[in-house]
Amino acid sequence: MTDARTEILARVREALAGSTVESAEAHPETGRASEVEPVETPPSHAPVVDLFAERVADYRAVVERCSAAELADRIAAALPEGPVVVPPGLGIDVPGAVVDDGTLTAADLDRIAAVVTAARVGIAETGTIVLDHGLDQGRRAISLVPDTHVCIVREDQIVPDVPDAVALLDPTHPLTWISGPSATSDIELDRVEGVHGPRTLHVLITPAE
Amino acid sequence: MSATFVGMPAFPTAAREALADSQLRHNLAHATGTIRAKRAKVVEEVPDWEELRLAGAALKERALLDLDAQLVRLEETLTANGATVHWARDAAEANAIVATIAKQHAAEEVVKVKSMVTQEIGLNEALAEEGIAAWETDLAELIVQLGDDLPSHILVPAIHRNRAEIREIFLRKMAAAGRPAPADLTDEPAVLAAAAREHLREKFLRAKVGISGANFAVAETGTLVVVESEGNGRMCLTLPEVLVSVVGIEKVVAQWDDLGPMLRLLPRSSTGERMNPYTSMWSGISPGDGPQEVHVVLLDNGRTRALADEVGRQALRCIRCSACLNVCPVYERTGGHAYGSVYPGPIGAILNPLLRGVGHDDQIDSLPYASSLCGACFEVCPVRIDIPSVLVDQRAQVVDAHRAVSWRSVPKPEAAAMKGAAYVLGRSRRLSLVERLTGLGVGLARRFGLTAWTGARDLPEAPAESFRAWWERTDGGRDASGNDAVDPAGPDEDLRKGDL
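If you're matching them up, the sequences are chains A and Z in order. Using my numbering, the first residue of the first sequence is number 1072, and each one after it goes up by one. Using my numbering, the first residue of the second sequence is number 164, and each one after it goes up by one.
Simulated from the structure, these hints should not be mistaken for lab results. Warning: the hint list may mix true and false statements.
[What the hints assert, rightly or not] The following label-pair restraints were derived from C-beta to C-beta distances: (1) A:D1121 x Z:G196: 30 to 38 Å; (2) A:S1090 x Z:E361: 46 to 54 Å; (3) Z:D350 x A:A1081: 48 to 56 Å; (4) A:G1205 x Z:A243: 16 to 24 Å.
Built from N, CA and C at the ideal position, the CB exists for glycine as well.
Whole structure, please, built from the sequences with the hints as guidance.
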């Protein structure tokens, strides 16, 4: 008996006998180039940042813009009562926060009220923040289990649309795309914020360094 | 133990029952109307939507037409990233692979991300037979699982349940599955969602094995993508030590950049949002972050059968957004259960026959007819699956399959009628004879039968005179005096003329 891999690949080849990728490209309906032109970056970056702020807020996330000097105070004000965890390379002092050294279990994280992270990319069109879980963002679990996520996005990290973000991201990292707080529409399609992920998303937009 | 679609009646029977349920029709009309409006609003925002659909269709089509090479590449990149790749020809093989992995880790339970493919293969039932509890963690899937119910929509499997019914299910069933629902549970959606959060949290925190599907698998980079809303997906993909993802072979896209168009198309088509709350991407194992043992099961289960169908193959582009369900006038009235499959609606009406073949199961054979061919599904499909054309082709295949069964088998009434029609229409003399008997035939049909036809349609009145007879009698209307006359022409005259 042949193994499953050999058999499936043989079935695929048999199914495709006589069809080639070139025949797909000649097909009038699908013959367009696969690349959708990226939205042209406007001469000024300000509209992109404004759109990002507006679209993130549409998801009922809290959005604030502040200078680098104000950041520490804004973070402190955004944090709820209770323990806070920060990634090892955040680069901003959050008084009293636990620095994640990778040993906190899921149960430990469940007793932590909030997390503060940086981000990798912001997408204006969709109001999306992408984490690549580098040292200033930490491993995935710390930005998932605590109920409040304070996320710092720099203006120069914000791109116009999804393909721009895909082009910047490195797939060898795990990636988490976040568009507002956790939500569901599973009951009568009535949108409710807050199921399993952080129920509060607080985004701080700061100018480029 | 959850319910099963096995043994469901053919679509017309199931649809009749669904249509009689006015609560169900009310729930569905409200839900599909809401989501249609949301989708239309966010699609309107995208000026290049049609180009985007073309791009989405083209990149999925190219991956499918190069599927053997893409799958080999995906296996290479996943393996290089530290994942273990398994291949499964059918549901039984896939279920056995998952069960074996769970047992190797002595897992008595697994947590699951919402996944169509694991429903298709009946994974939960297979794991239950091995003594392993599979907990659904998506809110709608939880409602379906606790209620011992069947999913009725791809995106919102509990779309047929209203808030009062959901409260009832939580109060009665949560305790047996773990943390009970609070006694003061109301039917506010926010309160119900909070109860689900509390109920599932302990399961997430202790889970050793997580199970997922994937929305996309990128061959170039060995990356899997899961698109979700609630964060249950992130929990299952991040907290367990072991992650098993069951991925249909049609989920492969060639390049990393292909995710750009797909992630613009999917959320707007599916939930009617610019972007869904959470999307997770992982490429094998990340040291110190998430599961340190990662398995990917590449599943055929009929997909190569669909791929061999040159007309139907486009159904494998489907990204399970469910936009076609929400616009379908048939789905809106019957709901998902009538389709007898985890894949309901227009896409289900073509996908089930393509995956499983026609001619051996009346339920599957009935599905290509569960459509008015209005074309709304094609209009909204983000990857431009021409569902109406595939439906028509599948209907032809169903007819052919029944024609070919055996010379001894009793032909279907439709086949007999078509044969009769071919005989009659083949000679004008036969036609004129039959035309004269039409009035009698309609009268008999009305009196004695054809209820399968007339149950949903009006039988037209037979005209007193056929067009051909009128033409003959009035010389094509040139004989003005004949215009008022309606008496049918005499038989002798017509027969003398012979073939025209």
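Hint check:
no.	hint	verdict
1	A:D1121 x Z:G196: 30 to 38 Å	holds (33 Å)
2	A:S1090 x Z:E361: 46 to 54 Å	holds (52 Å)
3	Z:D350 x A:A1081: 48 to 56 Å	holds (54 Å)
4	A:G1205 x Z:A243: 16 to 24 Å	holds (21 Å)
Hint check: no violations occur; every hint is consistent with the structure.
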